[in-house]
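K.L.:
Could you slot chain B onto chain A? The hints should help.
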Amino acid sequence: METIWFCLVALMIAVYVVLDGFDIGTGIVYYLVGRTQSQRQKLLRSIGPVWDGNEVWLLASGGVLYLAFPALYASSFSGFYLPLMIVLWLLILRGISIEFRNHLETPVWRPLFDFVFAGASILLAIFFGAALGNVVRGVPLDETGYFFLPLWTHFTTTGEVGILDWYTVLVGVFAFLVLAQHGALWLVYKTEDILQERARRAASLAWYGVAGMTLIVTGATFRVQPQVQANLSAYPWGYVFPALALGGLAAIPWFRSRGEELKPFLASCVYIAGMLTSAAFGVFPYVLPSNTDPVRGLTIWNATTGSHGLTVALAWWIPGMLLVAGYTIFIYRHFAGKVRLEEEGY
Amino acid sequence: MDSILALHRLHFAFTVTFHYVFVQMTMGLALLIFVLKTMALKTGNDHYNKAARFWIKFFAIGFALGVVTGIPMEFQFGTNWAKFSKAAGGVIGQTLAMEGVFSFFLESTFLGLLLFGEKRLSPRAHWAVSLLMLIGTWLSAFFIVATNAWMQHPVGYKVAANGDLVLESFWALLLNPWLGWMYAHTVIGTVVTGGFLMASVGAFYLLNRKFEEYGRTYLRVGVIAGAVASVLMLFPTGDRQGYNVAHHQPVTLAAMEGLFETQEGAPLVILGQPDPEKRKLDNPAMIPRLLSFLTYKRWEAEVKGLDAFPKEDLPDNIPLVFYSYHIMVGLGTIFIAVSLVSVLLLWKKRLYTARAWLWVVMLALPFPFIANTAGWTTAEVGRQPWLIYGLMRTVDGPSAHVSSGNTMFTLIGFMGMYALLGILFLFLTAREIEHGPEPVAPKTAIRGPEPVRL
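Top line first, the protein sequences correspond to chains A and B. What the first sequence shows, in my numbering, is residues 1 to 346, in sequence order. What the second sequence shows, in my numbering, is residues 347 to 800, in sequence order.
Same shape as in the complex, but just chain B:
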């Protein structure tokens, strides 16, 4: 791969992956904070308000980092991908500008009220603010997914005289057939993260025998949200997303599945290591014919393998597409199992005391983040070698005048900066979890008399 291109790709991949850690967390929490505020309003029990307040603090830390790491995303379209921006700005400029106008203003206005407004506002008004925050964050995701969906499956455009793409139909852009299921799959994925995060902190409190009343609430809300979301990730959203890939990007499907040869009754690969040079899959563990059935609902259907496509149209990193897809699906299956067992235990009223299981729930925390990241990696690397599927190759997208030295300079800068932000984030959130939802009683009360000053 050309080294300047590789640097530009790594630049975007690194900054967007880091950004999405905070985005998925805050989007998922926005829903769960709204759920807690709704419970507080319905029951009149202030416990739920306090429970929500803790997560609002957590949300604010993640949101601040989401904002500051989000600004570089919009900038990079122009700085690093100028030729792509010039060619596609007439179309995706619409959705990106709409995100700014319709969701960023909403979010930034109401975050202040969510944080500072609980005492100034009535309970119902503060509840409404949490709803507006949810709408803001999820609307933002809609415009971004709309932009990405257009790059996966361009619609509603026409080619202008100078070769640039301009908008032909606004509604085609917003009603892109790729968009609906991708959006649902994306936002529900953030609820998996939010649910598992909340349940994990709840399990931690119960295991640690601190803030147990809150621990139970967090566990209950978290596992139920996690269970519903995990199931919806597989069916219908994952299934329909897979259908779109199979029909519009069959070569991507072949790379995801590690299917090198076209065959009837294609197997579903569970594990294995693709060898793109020898065009085969090492150590395969598979279920015969299942891929054909899942894709076409017929056991004997023919599925096109990588051999059915010209070499220049294959994704340039087949193993990464294969692994990221399998990590996503594998973890997604585990999430369904873990959260359904948790809900079952909750229903049998044994969850809060099943300490061994609480360890599992607590330690599950990192995996939804990994699964969501793997899902996006599948979508983005799977789309290669195209930047806009079928229209513009990635190699034609970067800024022509930005040298590899300058790109590496800023990449290193972002890596250093984000390492710092990551440490700050872990430090501040760990502190919030340590402090917990209730103010701790003054230390002097348990420590006895003050030590004598010397």
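Bound-form chain A, shown alone:
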């Protein structure tokens, strides 16, 4: 049952990154693709009806993580206190800039929120990447299962680590590139003409960075977290996850060169999901490894709650998620196609 919930939480987080990833990515390439006020408005309109629903996946993943692994939630949220608070502020700034930018049409109002939106999106991508890097690297858990990390110490991955070290910064930059490409591919799908052309160029540029960083980060991960190598040797079927990622990565330029619009974006979704599931598979059964003493690491068994709660939750989680899948399909179909500005919103 714990393993099932580990998979479900990993799945929800992967869905979050794939979905919110493209609207964060839209923010990353915002200035690159949108040069005029109406172009930027179009970019925002492409994510307008869906970004909030995408972000709900973060809340829902957090809630489910709390439900299934309360000790992990308590330990990681208090230990990553500072970066999480900064993430919260960035989410607040980003949310209001999307929602409030179009309320006024003045040369002061819109550029201000454009800047906040793009800046917050870029920083969020880097912070989320660094967060993932921290989980993979492990943290200095004490004997009570808690820890606290400052933002940085001496940038090495052992001993008194900080949130930012060479490895987590590397993963942060990696996430920035991955989401930049993801957002650009979303815009290729949602826009036309000059916007689409610029998005396509941004995506093809980002692809080289993503491909290079995939190799570098994978190599670094094997060095930083020995559990990954151990898991792959013990369960060779686990190679299916990195294979998925590589397949997606290879498919992106292939589809793009054939002038496809939706398929490169979907390939990017597969790539991201493959990378995240590889990471989850690599650290399993840890949910938060220790970088000082492996025995202190939080695993799915010592971080979980009672079995009754997990069983009951599965009984409502399944119908709940079917409903969510229904809404998601409905809203994406309803707002399918290229964005146009003449459709009036409020």
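Heads up, a few of these hints could be off.
[Said to hold, decoys possible] DSS-like mimics (lysine-lysine), calculated; alpha carbons at most 27 Å apart, straight line: (1) 338(A) with 263(A); (2) 695(B) with 338(A); (3) 396(B) with 695(B); (4) 465(B) with 338(A); (5) 650(B) with 626(B); (6) 650(B) with 556(B).
[Said to hold, decoys possible] Beta-carbon label-pair distances, calculated as ranges: (7) 260(A) with 770(B): 52 to 60 Å; (8) 702(B) with 325(A): 54 to 62 Å; (9) 325(A) with 690(B): 26 to 34 Å; (10) 657(B) with 111(A): 55 to 63 Å; (11) 562(B) with 102(A): 50 to 58 Å; (12) 608(B) with 325(A): 17 to 25 Å; (13) 626(B) with 323(A): 55 to 63 Å.
[Said to hold, decoys possible] Chain A residues, not near chain B, derived (Cβ > 12 Å throughout): (14) 38; (15) 45; (16) 75; (17) 87; (18) 94; (19) 95; (20) 194; (21) 197; (22) 208; (23) 250; (24) 290; (25) 291; (26) 320.
FYI, nobody ran anything at the bench for these hints, they're computed from the structure. Just so it is clear, CB atoms sit at the ideal spot from N, CA and C, and this is done for glycine as well.
P.N.:
Chain B only, in chain A's frame:
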């Protein structure tokens, strides 16, 4: 009070109070928007659609702020209250996760359609979207109140081998005897806010002689909703909520009422200033024996005072519990009077022209926000010194490894951020009210010829 604990408490209290400003407004408006959309559908009159559209814009601004200030609430369980989260997550993780799965997705999906979908959807479908929005927001409140009700009156749990609490009965958690009346009291409180807000804007339009047709609609819908909700706040929901407090948290009742000594035929205090050091109430204005009657339906019943409980079980801020409770009840009584007079004037067809009274309705706007906030303050400070009533003390809840310096850093950050959000909110809503429900005719028409460009 230990200073780290005080900082963590202030951190949560500040962020949740600010969050609830937007929550109560959007929950109340969700119902009233649904009412306006229903009137539009029933009468076929497009006036009501336009009337609703204005409030949907208002709703969207409040909803956006409710969402962005809501995310920190869920995070803070883990960041600031880690020991509480670890101990209680097996139980309240259920309700918090259900809120995400069952209501946030519903709300976020249909907000887009409520805002952007009026032209794409049929009138009936757009009406249905407003209903789904209402269900989403009110369902969200259910899961949050269920979580809070469990902290007030824990049920359906058992203690695991490592001391953490785990779920024993899902249905006991959702059918908590504390939950039903608290939920009703909470959501009806948001309707008071929504009704008074709508009536206030309506009164403003009539007084300002702008958008008068809409002003009348808003006033009519607002005062009727406000009147029904204000009465329901007192009876039965407030009365039953008080009964629950009296029976399950008698010490909280004593603090709320400022009753320092146990007595038979206890009086109901209307005004006064509690002096916790000397254990007495200064300048009391009271109605003899009424508290005994209200609590036990007998004039001579004994009501336990603060002296009947051990010192370590008393709420640590008795004056705040006393004042917040009295502010809530006092304002609630005024709401009943104001809204019933308004309904009477409406019935006599004199409300729209009673300009002096319209001033009262317009200026009543802030008070439902204050009353709702005071009500939650009563519940939360009244529960002290417990975090989970009878099971876990507040002092045992915060994260052990988060220093006071880090907590103050983020508290200051939130204060700055929320000051900005508050200014933005007032600016944007004031603009919407100024623009009104009808697009204004192009300015050139009244301004005459364009000035000559130099």
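K.L.:
Each hint needs a verdict: does it hold in this structure or not?
P.N.:
Against the structure, the hints:
1. 338(A) with 263(A): OK: residue 338(A) and residue 263(A) at ~15 Å, within 27 Å.
2. 695(B) with 338(A): 52 Å, violated
3. 396(B) with 695(B): 24 Å, holds
4. 465(B) with 338(A): Between residue 465(B) and residue 338(A) the Cα gap is close to 18 Å, so the pair holds against 27 Å.
5. 650(B) with 626(B): Between residue 650(B) and residue 626(B) the Cα gap is close to 15 Å, so the pair holds against 27 Å.
6. 650(B) with 556(B): Outside the cut-off at roughly 55 Å; violated.
7. 260(A) with 770(B): 52 to 60 Å: 41 Å, violated
8. 702(B) with 325(A): 54 to 62 Å: Since the Cβ atoms of residue 702(B) and residue 325(A) sit about 56 Å apart, the hinted range of 54 to 62 Å holds.
9. 325(A) with 690(B): 26 to 34 Å: Violated: the Cβ-Cβ distance is about 51 Å, outside 26 to 34 Å.
10. 657(B) with 111(A): 55 to 63 Å: Once the Cβ atoms are compared, 59 Å apart, the range 55 to 63 Å for residue 111(A) and residue 657(B) holds.
11. 562(B) with 102(A): 50 to 58 Å: Since the Cβ atoms of residue 562(B) and residue 102(A) sit about 31 Å apart, the hinted range of 50 to 58 Å is violated.
12. 608(B) with 325(A): 17 to 25 Å: Since residue 608(B) and residue 325(A) have Cβ atoms about 58 Å apart, the given range 17 to 25 Å is violated.
13. 626(B) with 323(A): 55 to 63 Å: With Cβ atoms ~56 Å apart, the hint holds.
14. 38: Fine: 18 Å to the nearest Cβ keeps residue 38(A) off the interface.
15. 45: 9 Å, violated
16. 75: 7 Å, violated
17. 87: Non-interface label fails for residue 87(A): nearest chain B Cβ at 8 Å, not farther than 12 Å.
18. 94: 9 Å, violated
19. 95: With a cut-off of 12 Å, residue 95(A) comes too close to chain B, as the shortest Cβ separation is near 4 Å.
20. 194: 25 Å, holds
21. 197: Non-interface label on residue 197(A) holds, nearest chain B Cβ at 27 Å vs cutoff 12 Å.
22. 208: The assertion about residue 208(A) holds, with a minimum of 35 Å to chain B.
23. 250: 33 Å, holds
24. 290: For residue 290(A), whose nearest Cβ neighbour in chain B is about 15 Å away, the distance exceeds 12 Å, so it holds.
25. 291: 16 Å, holds
26. 320: Non-interface label fails for residue 320(A): nearest chain B Cβ at 4 Å, not farther than 12 Å.
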